[in-house]
Amino acid sequence: MNGRGAVVIAGGDPVARRFAEMLRHHGYPGNVALLGTSVAAIDRAERRVELRDGTTHPYDRLVLATGTEAAPGPLHGSVLDDGAAAVLGDGTAAVETAARLAEQGVAVTMVCSGPHPMADRIDAQCAAILAASIPATVVGNVDLAALAPGHVRSRDGSRVVAGTVLRCPDPVPDVRLARSADLHVRRGVVVDEAFRTSDRRIHAIGGCAEHAGRPVPGAIEAWEQADSLASLLARRGRSGRPPTADVLRLRTGAIDLTCAGPAAALRGDRTVQLTDPAGRRYARIALRDDRVVAAVLLGLPRAAAVVAYNYRCGRPMQSDRLGLLLGLAPGRDDDARTGPIAPVCLCHNVTLDRLHTAWRQGCRGSDALARRTRVGTGCGGCRDEIDELCARWQREEAAT
Amino acid sequence: MNRRLVVVGYGMVAHRLVEHLRELDLTGDWSIVVLAEENRPAYNRVALSSYLDGGSREGLTLPVAGPLGGPRADLRLGCPAVAVDPSARLVHSAAGDVLRYDALVLATGARPFVPPVPGHDLTGCFAYRTFDDVEAIRAHAVRGRPAVVVGGGLLGLEAANGLRLRGMAPSIVESAPHLMAAQLDAGAGRVLRELATDLGLRVHCPASLASVEAGTDGNVGGVRLADRTVLPADLVVFAAGVRARDDLAEGGGWDRGDRGGFLVDDFCRTSAPAVWAIGDCAAVRGRCHGLVATGYRMAESVARQLVGLPAERFDDTGNAISLKLAGIRVATVGRANADAAAMEVAFADDARRYAKVVLARETARILGGILVGATASPKALRTLVDKVAPAGMEQLLLPGPG
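Quick mapping for you: the protein sequence lines, in order, are chains A and B. One gets my numbering by counting positions in the first sequence from 1 and adding 1 to each. One gets my numbering by counting positions in the second sequence from 1 and adding 23 to each.
Hint data in this document are derived by calculation from the structure and do not stem from the laboratory. Beta carbons are placed, not taken as given, at the ideal position from N, Cα and C, and that holds for glycine. Among these hints, one or two may not hold up.
To be verified - Stretch-level coverage of chain B by chain A, calculated; a stretch enters the list once three of its residues show a Cβ under 8 Å from a Cβ in chain A:
| id | segment |
| --- | --- |
| 1 | 368-376 |
| 2 | 402-414 |
Claimed, not checked - Chain A is faced by these chain B residues, among others (derived, beta-carbon under 8 Å):
| id | residue |
| --- | --- |
| 3 | P86 |
| 4 | A118 |
| 5 | R384 |
| 6 | A387 |
| 7 | E417 |
| 8 | Q418 |
Just chain B, with the same shape it has in the complex:
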């Protein structure tokens, strides 16, 4: 029996779904149609800053195990879905095709959030999400000139570092109390800030953006902060978070999370039969997760469900991040913040490196932690998870002379 899976979107998570399904579907049960909005095959979005640094486009393209053009796997680039009719199990594409599906996976991703401040649409303002965005930034960047990145999260730091490597002098503007506030605690954020400053990134945090100001040529000339500080800038990059792309929910009649996204259960199932949502567009039990590793787990879970294998229930405690920003390690492992049943121990060296471990209160077993700077690898911490904190833990996590 041959069944048709339609995948809407072809980012990293959709790519993972397709590849994983092709790996698992040994009997050739499924034929896959992918409706991709962008005009290029799936690429490593996480590594986009390397492209800013002059890396090649090919180097970022994600590998595929087999051809994506035949009847078994039909990738249609530049052909986004525009409507879904779940009662008839039909998808309408922008090219006018109408596709019947046996299973539908929504992987529409997210769009960058651009704060609606005056001047946000001046020439010289860019989002930071797609190849096209980064290509435009590359074309606009001028060595030695100032730039501003709005957003001090993972993406903002990547963008700022990319601009720095391109020879620009970037400042980061972040409104949260510390950098990477979604993943890190205050102590880790403080150390990260010190290290980023050492690299030459200027950090304004906490600081909120009031407006983007035009220069004499009418293009971006700088930004104004709420405290009236003016930062000169030839270009402004918005990396201040994303919003799930859930527009298809309108016609499809699916439930959405409180803050957007297709509402799904622990197995990524939407409220419609045979329809899943994965990645940035999925609100698992109401909450969107912006990390690719989380999206990958969703993709793998859905692939297993499609071939009838048991799938694990979604668990958001293992949302590890592991980032190297021009040599600065920033990583979280397991549970990075304590709840009422946990306690924390943090080891730090003169605001230059930081290792925090979350421990179960009763047993002193390790639940997770945060590492910033020249610490041990996250792997070393990960292998300690579920074990009683060893006697040499401090020296293990902060090795060598302090």
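The shape of chain A in the complex, shown without the other chains:
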């Protein structure tokens, strides 16, 4: 069989089947072979894969969808006899497990290798509110690799006492096949915007792929990767869609967390941050030209839906970001910014109408006003405004 135009899909990630369907949907003319986990090796020089039974398959394009490795189970599994559990791990799996246990009335301690859970996604303030929402105690900066059953102990020597210890590492990209073929691998198989690996004829999508520096995409994002790549291959390199947007949504009974975009972008340009520890709410939205470049929202499901939608579509955000976050009505303004009780001099709390009264009683000019009311004798920041007011009152007087 001639390999020209043949697409071979290797790996058992559910996204593999989706990708094959999408190729057909886009009318891809060549052969498509969905080989699953039977692929044992890649021969890049000959452009073919070898199966476990010794047969070979040539490819024009190879798509790796090897997914993630199975996460290890409990480190020390027993009945939750004392109603307390330690959850080891930093990522969404650990947070979800902790939340489910807490829902059942278990006292949970999260033991993380980073300073707090999801440290690659959220800051310490957000993590504190997340922990309070679960609720869980957090012990950070623990060398998880050094832990053994019954010896959950952090670096500073403090000990976590728990009847049950659950190990909940985040899923690890399955990169064995890619690595044996000498493709560029960091945490996952490194791919570019067109999901190409370091070999232009080999692509990777789903759990095994590291796109934009982030391995193991969420389910929706993985689905979008399959669609994007299928469209790219079917149209011979012309992409009909932009690269997929990275949105993580984590929901349990107690938690509603949305993270969009790269965490590094949360510092730049305009940022809007809401912190409401008592209400278990937090938001940080980074904008450029009113468009969302990154966002983290916790405990704000409605606003999160709007922000994530705008982020995916590249739509500008409404100007009243606070109103969106807090669910405030748009027509809520009452305006007293320039009324008579507006202070002119903050240092001495001199109001506009007190100044005007002094003026009418004969204090003409800033010096006279200062002697009477002390206006402008503190930081002096209002002196220009006093001169303007004097000039205005002078004009008004002349006019009458």
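Knowing the structure of chain A, use the given hints to seat chain B on it.
This is chain B only, laid out in the frame that chain A set:
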């Protein structure tokens, strides 16, 4: 009936008390004796950095409404009080006078805190509190030479900016996690640091001072930080906070706050009858307040009490600061930090300006906030206090292109 008020100290707050009392005391009930330690009339301490920048002494002198030499108002410069006997209602001055009082107001202020590190008393080390301090700094400053300011609070930033305007190259050493930690939150402190760095101030924060090092001439040559960094410096200015001057409490037998200061109630009354304390030396319900605006409110409250007018209970939530440091706005309005019943929303532009608003959780009404950089004026935020956060608040507080 004529009664005698003795005021101990003549800083900004005592000045305010005297002027306000003279304004309110229309019947001439009180004759006032002021015992001032410094040899010059009250001046604007907040603006001392302008003197460092070459401003005039006269420009800082606080205005008075009438003469301060007669029997109605007798200002005695260079004549500090040395002892008080509250049971006999007597004050002893350094000149040997013994004054009987009907009312006594302690306004002794505070003294700069100099960290007791090795070398803190070398030639070239200065405090930053009085005219004399600033005069000495002015005489010692040399254009183009490095200087170190210990303390990244309001006063330290003022001092560093004054030195910068004098042509020196100042570094700020602050041990707290961020600048102006007493007033600002971390986000505001970070923006302030960026802006101060843009001005040419070098900021070492958090960093703690280990020692002041002598140069070859035996005078100050630099400072050493706890991480062993050495910063060269021709002069070192200590602006690392103040301690209340409450020495008179020894003889007077007054209660003091846990961290010093004459202990007073919400109306600035000490534990002795007819004795008040105001300004930096007063520990209101145990806590000293280092801001002049707070001191002014205390002075006004006591003046009203002296003439029998109702006075407001002291309330420390409105301790606004409003500072312009070479064009950098730093201001707080109302309640600047959230408690359990409040939430915060912060708007920031690329670490160059910052506006934070504290809101009531239930109503979204504005309680106060912090502004740093090219934001709206604190006045604009102040007029929003007690109102529901308006729809255009973000654009109002951070106006113009971002």
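So which of the earlier hints does this model not fit?
-> 4
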